Structures are given as C-alpha cells and as structure tokens.
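Trainee: Chain residues, written in single-letter form:
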Amino acid sequence: ETGVTQTPRHLVMGMTNKKSLKCEQHLGHNAMYWYKQSAKKPLELMFVYNFKEQTENNSVPSRFSPECPNSSHLFLHLHTLQPEDSALYLCASSQPKGTVGGYTFGSGTRLTVV
Amino acid sequence: GQNIDQPTEMTATEGAIVQINCTYQTSGFNGLFWYQQHAGEAPTFLSYNVLDGLEEKGRFSSFLSRSKGYSYLLLKELQMKDSASYLCAAYNNAGNMLTFGGGTRLMVKP
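Chains as they are written, first to last, in our numbering: chain E, 1 to 114; chain G, 1001 to 1110.
Bound-form chain E, shown alone (with noise of 0.2 Å):
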C-alpha cells in the first residue's frame, strides 16, 4: 500500500452507463491529480487539485467529470464513455509543490469500456 487507495481495481462499464472512479489518501497531501496510462502511450495528467480547488484541466473531455470534496478525497465520474477510453486511471497526491517529497500514486483502476 503506498497510501493512496483507489476503488474499485477493476471496473467493466457499457458506453451508456455511469460510473465513479474513487480516490482517497491520509498522507496529508493537499493536491491530487487524474492521470490516464494507456498502452504504449505516456502517463496523461488530465486534472490537477490544489486545496480543493481545480488548477489544470488538460483538455479532457466533458464526459469525465472530476470531483474533491476535500484535500483527501477526489472522484472521477464517467458517463457515456467511449472504447478508447479503456485505460489504467491512476491518481496521486502530492504537497502543493509536488516536489516536496514527489507524488505518491496509487494502483489504478482498471478501466474496460464495453
């Protein structure tokens, strides 16, 4: 455990369902971030949080939608998603400047759009 949990590990979704993608951590970092790891493709930052508050969104599109309720939590809703989705979704925390001890990630959920 690196002390970021994500759920669900594994998830299978149809192009017309919704879902969430669940991120938590207590290490008392207060910035989180999405990424998407796809085959053969670099690690894609697609959200950055900063004390809640959304600082970067990479031109992602509308049908993921982030959510931080708070420093340690943050969710990744999913509706009317595409094949190419499919993905590892990976998030991590980290202090405000990320340098300060790096990111710590989390393992991924799984992604698999049917």
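There may be inaccurate statements among the hints.
Stated by the list, open to error - Okay, the calculated beta carbon distance ranges per label pair:
1. R1105(G) <-> P8(E): 25 to 33 Å
2. T5(E) <-> M1010(G): 26 to 34 Å
3. K40(E) <-> K1068(G): 25 to 33 Å
4. L88(E) <-> T1023(G): 22 to 30 Å
Claimed, not checked - Sample of chain G residues with no beta-carbon within 12 Å of chain E, all distances over it, derived:
5. T1013
6. E1014
7. I1017
8. T1044
9. F1045
10. D1052
11. G1053
12. G1058
13. R1059
14. S1065
15. G1069
16. K1076
17. K1081
18. N1093
19. M1097
20. K1109
Stated by the list, open to error - If you want the ones that stay clear, here's a sample from chain E, every Cβ over 12 Å from chain G, calculated:
21. V12
22. M13
23. T16
24. G28
25. N50
26. S62
27. F64
28. T80
29. T104
The hints are simulated quantities; they were obtained by calculation from the structure and are not laboratory data. Model, not experiment: these values are computed from the prediction. Every residue, glycine too, gets a C-beta built ideally from N, C-alpha and C.
Assemble chain G onto chain E, guided by the hints.
Mentor: What follows is chain G alone, placed relative to chain E:
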C-alpha cells in the same frame, strides 16, 4: 509544448550496470523525477534532481544536465526484481504538474 523522450525497451544481465537516458524539452522546468513501475502496480518514487549533477541513492543514481535537457538513471548490481518500467518525468513549478515520458521497460535476464 512538452516533449520527453526515453528508450522504449532495454535488456540487461543480472549483476550488471544499466543506464536509462531521458531527454526533455519542457516549459517551466523545475526538476526531473524518476519513477519505477512494476506491471499492474503503482509508480513509485525513485529520485528527484533539480540541480545539475549526480544524486546517488544506494544501487540507483540519477544525473541531470539542465543546459542539455538530459537526465539518466543508473542502476548498479542489477537484480531480477529490477525488471520494471522506469518513468522519466519533468516537473513544472508554475502549474504544480508532472509530465511523463513514455517509460523504459527494463528486462533483467539471468
């Protein structure tokens, strides 16, 4: 824009030394991270360089040259458990963002 390049795959022998290179062209650069990721697991922090030079941490060392936009990760006395992907990532201080390269998959053979 952000551009980070590293080799896709490398193979090395147990007990040997391997160097994984990374070149970057990024805006707002303020440091270079290396992460290790075993298949199906979370990336884990290995090293962070903000100043030029070599940082040594046990069997792993990392080097940075800011003027050349270049870094490498050096792994000594390779063990089978070192078989993993190694991710190079550039940190942008202004946006508190980490941009990753595609990762280098290292296979250690007996």
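Trainee: For the range 26 to 34 Å, tell me whether the beta carbons of T5(E) and M1010(G) fit it or not.
Mentor: holds, 32 Å
Trainee: Is the nearest CB of chain E more than 12 Å from the CB of K1081(G)?
Mentor: holds, 17 Å
Trainee: Could you check that no beta carbon of chain E comes within 12 Å of the beta carbon of G1058(G)?
Mentor: holds, 17 Å
Trainee: Say whether it holds or is violated: F64(E) keeps its Cβ farther than 12 Å from all Cβ of chain G.
Mentor: holds, 17 Å
Trainee: Is the nearest CB of chain G more than 12 Å from the CB of N50(E)?
Mentor: Non-interface label on N50(E) violated, nearest chain G Cβ at 6 Å vs cutoff 12 Å.
Trainee: So does K40(E) sit 25 to 33 Å from K1068(G), Cβ to Cβ?
Mentor: Roughly 27 Å apart at Cβ, these two residues keep to the hinted range, so it holds.
Trainee: Please check whether the beta-carbon of M1097(G) is more than 12 Å away from every beta-carbon in chain E.
Mentor: At about 6 Å from chain E, M1097(G) fails to clear the 12 Å cut-off, so the statement is violated.
Trainee: Say whether it holds or is violated: T16(E) keeps its Cβ farther than 12 Å from all Cβ of chain G.
Mentor: Consistent with the label, T16(E) stays out of reach of chain G, its closest Cβ about 29 Å off (over 12 Å).
Trainee: Is the Cβ of F1045(G) more than 12 Å away from each Cβ in chain E?
Mentor: violated, 4 Å
Trainee: Hey, does T80(E) actually stay past 12 Å from chain G on C-beta?
Mentor: holds, 27 Å
Trainee: I want to verify a distance hint. Is the separation of the beta carbons of L88(E) and T1023(G) within 22 to 30 Å?
Mentor: Check passed, 25 Å falls within 22 to 30 Å.
Trainee: Beyond 12 Å on every Cβ pair: is that true for S1065(G) relative to chain E?
Mentor: Label holds. Min Cβ-Cβ 18 Å, cutoff 12 Å.
Consistency with the previously given hints fails for numbers 8, 9, 18, 19, 25, 29, ordered from lowest to highest.
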